[in-house]
Every structure is written in structure tokens, then in C-alpha cells.
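Chemist: Use the sequences and the hints to build the structure in full.
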Amino acid sequence: MEEDFDDTTMDACLIAAGQRAEHYEMAAYGTLIAWAEAMGHTEAAKLLQDTLDEEKAADMKLSSLAEGGINQTAADAAHPDNDEESDAVGAGAGATKDKSSKARGTRR
1338 MEEDFDDTTM DACLIAAGQR AEHYEMAAYG TLIAWAEAMG HTEAAKLLQD
1388 TLDEEKAADM KLSSLAEGGI NQTAADAAHP DNDEESDAVG AGAGATKDKS
1438 SKARGTRR
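Sequential numbering from 1338 applies to the sequence shown in this note's numbering.
No wet-lab data here; the hints were simulated from the structure. None of the values given here were measured: they were computed from a predicted structure. We put the beta carbon where it would ideally sit given N, CA and C, even for glycine. Any given hint could turn out to be false.
Stated by the list, open to error - Ranges of calculated distance between the beta carbons of each label pair, as one might list FRET restraints:
| # | residue 1 | residue 2 | range |
| --- | --- | --- | --- |
| 1 | Met1397 | Ala1365 | 17 to 25 Å |
| 2 | Asp1418 | Ala1375 | 49 to 57 Å |
| 3 | Leu1351 | Lys1393 | 16 to 24 Å |
| 4 | Gly1405 | Gly1367 | 23 to 31 Å |
| 5 | Gly1405 | Asp1341 | 21 to 29 Å |
| 6 | Asp1418 | Arg1357 | 25 to 33 Å |
| 7 | Gly1355 | Asp1413 | 20 to 28 Å |
| 8 | Pro1417 | Met1397 | 27 to 35 Å |
| 9 | Asp1341 | Thr1368 | 34 to 42 Å |
| 10 | Asp1343 | Gln1386 | 37 to 45 Å |
Modeler: In C-alpha cells:
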């Protein structure tokens, strides 16, 4: 939080940090569900699954935000002079490439 980033880059960093936390939590809940099922604790497994589903939904929301333009805007801010160059390199022989076809984020 103390970094001197523009607002969009800070948003991208916060989303990435949030997703790391969500992935850690999803792994933990998945393990707990397996243990609960192995011990025959079906009600506990169901409650844990509900929580895992919430964590997955939060992760999907974060991905949606990142892929909705935040990551691309942060990348463009980091490399403002590369915009035209990256379009030409990625376009191929005679093709054109607009910003909407660029990578917009990473998947889970």
C-alpha cells in the first residue's frame, strides 16, 4: 500500500493479492471438506462446501474485475510507449489488432 503506483495499478495489485488469499482459502476448505467426508461428518462437509462456494464466487468476481480492464489499463500505464509496437508485433501478417483483443488478465 505504500508503493507510489497510479490508482489502476494499485487496484491490479490489490486484486492479485486478494486472489492469492482466495486461492489459499479455497485450498484449505477443499482439504477440510475431504477430511470431514472421510470422518463421516456430512453436515460439517456441507457447511464447509457452502463456504468454499463463497470463496470461489469471490475469486470469480476478482477475475472479472481484473479482466474487465483493470489489468490492461495498469499494463498500458506501465508501458505507455509500447502500445503501438505491441499491436504491430501481435497482429501478424496484414492483420490489425485492437485493444479489446489483448490479454485482459489471468485465469484461476
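Chemist: Are the hints correct? Go through all of them and say.
Modeler: Hint check:
As the Cβ distance of Met1397 to Ala1365 is approximately 18 Å, the hint placing it in 17 to 25 Å holds. For Asp1418 and Ala1375, the hinted distance range of 49 to 57 Å is satisfied, since their beta carbons lie about 56 Å from each other. Remark: the range hint 16 to 24 Å for Leu1351 to Lys1393 is upheld by a beta-carbon distance near 19 Å. For the hinted restraint 23 to 31 Å between Gly1405 and Gly1367, the CB-CB distance of approximately 27 Å keeps it satisfied.
Hint check: Gly1405 to Asp1341, Cβ distance near 25 Å, so the stated range 21 to 29 Å holds. Against the hinted window of 25 to 33 Å, the Cβ-Cβ separation of Asp1418 and Arg1357 comes to about 30 Å, which satisfies the hint. The beta-carbon spacing between Gly1355 and Asp1413, approximately 22 Å, falls within the hinted interval of 20 to 28 Å. Distance hint for Pro1417 and Met1397: a CB-CB separation of about 30 Å, consistent with the stated range 27 to 35 Å.
For the pair Asp1341 and Thr1368, the beta carbons lie near 39 Å from each other, so the given range of 34 to 42 Å is met. A C-beta distance of roughly 40 Å is found between Asp1343 and Gln1386, which places it inside the suggested range of 37 to 45 Å.
Taken one by one, the earlier hints all hold for this structure without exception.
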